[in-house]
Amino acid sequence: MLVPIGMIFFSFFVGAIIMIVFGYNPIKAYISLMRGAFVGNFNITQTLLNSVPLIFTGLAVAFAFRCGLFNIGAEGQLYLGSLASTYLATTIVLPAILHVPLILIAGALAGGLWAFLPGILKAKTGSHEVITTMMMSWIGVFFSSYVIRNILKDPRTTLPVSKTIYKSAELIKIDKIFPISALKETRLHIGFFIAILTALLIWYILKKTTIGYEVRAVGFNPYASEYAGISVGKNTILALFISGMLAGLAGTVEVAGLHHKLWDRYSAMYGFTGIAVALLAKNNPIGVIFGAILFGAIQAGGKSMQLDANVPVDMTDILEGIIIFAVAAEEIIKMFIRAQEKRRLAKIGTT
Amino acid sequence: MIRIATPLALAAIGGTICERSGIVNIALEGLILIGAFISVVVSYFTGSAWLGVLGAVIISALFALLLAYFSINLRANQVIVGTAINIFALGVTGFLTDFIFKEAGATPGVAGLNPIKIPVLCDIPWIGEIFFQQKPIIYLTFLIIALSQFILFKTKIGLRIRAVGEHPRAADTVGINVSKIRYLAVIISGALGGLAGAQLALEEIRRFVEYMSGGRGFIALAANVFGKWTPIGSWLGSLLFGFAQALQLRIGVFKIPPEFTNMIPYILTIIVLAGAMGRATAPVSLGKPYIKD
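Protein sequences, first through last, are from chains A and B. Sequential numbering of the first sequence, starting at 1, is according to the numbering used here. Sequential numbering of the second sequence, starting at 1, is according to the numbering used here.
Simulated from the structure, these hints should not be mistaken for laboratory data.
Lysine-lysine pairs mimicking BS3-like chemistry, simulated, CA-CA at most 27 Å apart:
1) K234(A) x K288(B)
2) K124(A) x K288(B)
3) K153(A) x K163(A)
In this text, all values refer to a predicted model and were calculated from it rather than measured experimentally.
Chain A on its own, in the form it takes in the complex (with noise of 0.2 Å):
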């Protein structure tokens, strides 16, 4: 738990010498930063609902390295599951009780197959993971633009959107059930919640279900699974597919929740998001709502960074970027942790 923190510390600090030898001042864009995603309820809010969809791909990223998988095609999972739940959202009449729950499972089935091929792949041909995810992924994301633009289209712009999705399939705001005045004019939706439980779950069954641990099992040690009767074939299609699903889901409560419809190419990037997000929780479940929570921060705060501070928005680009370096490398700072102990320990011993 120490050694993220000081990881974020570090990154930030790294960040600050960026900003002062380019003349920018640090302290300064800081405090904006921090002002822009923490202070005040709409920015509280704002940084919030930046966090859900990132929860969920990094969910998707975390299960799946659980089981030894690395699923960095999470963005075209993502389209698929917004595209099967607009699809279901904008065509079919439902009370909101069976419209909003079948958009959900629509969408996380899409997301979940979207990862199923690159599962019964890896177990059937041994083609890695890292590859057919990336290449399933942008073919996803093409056949989202083709969909978007000709099937699902909004006959009255010509601007490359679906069309407004169906009220009973809309996600409700929260101020819809804490009808509180620090709510008001605020975006945030139930998704938050959905994403917390969704987090909840998987922790529950990586933690307590045979599935979870089996998925575990392999990613400590195929072989040794292998051998002890666990499945490395069969645990690799479905964590993929669970991974999948997660990743489906960010994109359905994307669409459910904020934007009632579905915009060609609107993600930013939340699957390669996703991977930083989960590294940084060390894929723990509960650790990606906290990671998720501090990349929606940086990202809702870049905004004020560049309007109070002058720091050009892609700071906060530079900055998840020296996170994921630090993240990467924090092994050998553990590494060299022990090293120093050990040497001092010695140096007892001697004296």
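Please build the complex by placing chain B on the supplied structure of chain A, with the hints as guidance.
Chain B in isolation, oriented as in the chain A frame:
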């Protein structure tokens, strides 16, 4: 088609050399982007496109050093480091465009590289137009394809690169410095990624536009698999994508939605990987750090 395939081919060959040595190079996308940006900045301030090319090659190679250091010395997960480089590149090029030119999104136009006609040969009908009236980096690419194929499969250094990617311990035992060879391969891939970016920026668009790499680094990886990790194969894979793109430009004739032609290289890569077109086997030790004991 050759024009569209050139940056892909350069990046893909870089990827091939890198992956042959056992290091996954997801960072190609970022390396192309940085190369494109640096080439434009240098060309803008010096007025010399060739200095821009040189700058791109050097700076992208330096960025590749990050990948090398993290994956070889720190034994970090190579896919993660590659992802970090990609996100970082996106941020840093956008940030600097804003900082240097006070513009968000794109730089002003710069001096680019003009086509060179090779006398006599360029007058050959059809062939002359395709092969002998091209821009300089396109010529250079042909040279690089031939040279890298030769080096990788016919020379001692090529053998070493492949050995280090297949069986680093065996290579180590016979006295090959695994880290050194891997560093070399990663740096070459960075240089080629930078060159790909420079080609895109100085020969095609003549300015830098945010995220102008547009996924080419990932297609290069696809071309890599398609070409079964050989330079000539990667080039053919890149041509295939160039073909798909060229087809898209003549869309009125074929009536295929552009989204579907865009998918072609990715679908083919999956088919190749799945073994339907003959086995495509990655270098055995791809992605695994080597721990010397």
